[in-house]
Amino acid sequence: MSAVKVSDLKVGQELELDIKLNSGAVLFKAAEKISFKHIKALKAWGFTEVAVVETQSDTRVENFQDSDLASDSTTEHIFSKSNHEDPAIIELKRISLSFRKTE
Amino acid sequence: MNDLNILVRKVEKISSLPTVFVKISELINDPTSTSSDIAHVIEVDQALTSRLLQLANSAFYGMPGKVNTISRAVTIIGFKQLQELVLAISVRDQFAQIGENSPLNMTSFWQHSIGCGVAARVLATFQGTPNPDSFFVAGFLHDLGRLVLLEHYPQKYLEVIEKAKDTDCFLHEVELEVFGFTHADVGGALIKNWQLPDFLFEAVNYHHSPEVLSKVNEYVAFIHIANIITHACQLGFSGNEFVPPLSQQIWEESKLKVSALEPVVNKVIEQYSEMVSFLVAGVK
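Protein sequences, first through last, are from chains A and B. Counting with the numbering used here, you get residues 35 to 137 for the letters of the first sequence. Counting with the numbering used here, you get residues 10 to 293 for the letters of the second sequence.
Don't read these hints as lab results, they were simulated from the structure. Just to be clear, a hint being listed does not mean it is correct.
Unchecked claim - Have a look at the derived ranges for each label pair, beta carbon to beta carbon:
| no. | chain 1 | residue 1 | chain 2 | residue 2 | range |
| --- | --- | --- | --- | --- | --- |
| 1 | A | 65 | B | 222 | 41 to 51 angstroms |
| 2 | A | 87 | B | 38 | 51 to 61 angstroms |
| 3 | A | 117 | B | 18 | 38 to 48 angstroms |
| 4 | B | 46 | A | 106 | 52 to 62 angstroms |
| 5 | B | 18 | A | 110 | 37 to 47 angstroms |
| 6 | B | 218 | A | 50 | 38 to 48 angstroms |
| 7 | A | 87 | B | 175 | 19 to 29 angstroms |
Claimed, not checked - Here are some chain B residues pointing at chain A (derived, C-beta under 10 angstroms):
| no. | residue |
| --- | --- |
| 8 | 116 |
| 9 | 117 |
| 10 | 234 |
| 11 | 241 |
| 12 | 242 |
| 13 | 243 |
| 14 | 244 |
| 15 | 252 |
| 16 | 255 |
| 17 | 257 |
| 18 | 270 |
| 19 | 278 |
| 20 | 285 |
| 21 | 286 |
Cβ atoms here follow ideal geometry from the backbone N, Cα and C, with glycine treated the same way.
Just chain A, same shape as in the assembly (with noise of 0.2 angstroms):
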């Protein structure tokens, strides 16, 4: 196990253990893959570091994630129902592509 900063999360990490808010209630299971999605909550909520599985292959997730290649898949496949031609939808996924890259 290793105390990892959240802002030094990689996509495909697992966690260790739940992850619990002061009520008590469970926001993360352990053994859930970390998602971009993990990462905003884990900041939405104030946490700052968890606890992930350390496994050998931590540096490839994080080369993955570095690359655009990782964050433009992710946002052609949750835009891939749009219309791509639509002047909206092009600043949408611009902004979301530039709003996931400074999380």
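Starting from the structure of chain A, add chain B where the hints point.
For chain B alone, coordinates are given in the frame of chain A:
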């Protein structure tokens, strides 16, 4: 009576509108009532009082000085706006017990609802539309029907989620196939049964199909667009992986400019986390 009406009747018996909301509505319709009368009703519920005061003091309202009493909050926020906020908080509390049996992560679900509410309010403010708080409530409640389906058919809804994932479809498309109606239909029917205002009915009932209306009002238009913004920014998770299609007709009728999207999203992000901390605390 069709399946949708049977479900709504069943829900209505279990999930009647909270007493505090009904009492406040009665007082607001009574021309002789004062802000103190309304405050007395709210103050009976300590959790509601605390949340309303937090909201009144939030950046969302941007009020100068501290708001310490409900009576003052009523004066500042306004009768109608306060009534709508009470509705949002009450519905959130009403369905708070879904958590454990739900096939969806309810924290993420409420985050999505808040994201849509905040985005709708920001769009309304940006376009100079009156009563922007009403847009928050309409956006917050847009997926109300999904709560009903999750609560009453958790197992069947899990199948809906899995099928939507396997077939790359939207949840509402699979809902129609499995139930014969969508969460938008359920939400709209429940709002009608609760005798809530028409703007809420239209915004909730038509958020996936606004173009079927012969005349689209700002609520329908902004909730449709706010939902798309919320999906695009992945604020929370409603169960759908994909950004819903943007209706070209609605976009044109909204009179929004493409250049407005970035400042709108920036404002949404600014207000979102604070609203999440007020309205999602304690969700299982």
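Numbered hints the structure breaks, given as an ascending list: none
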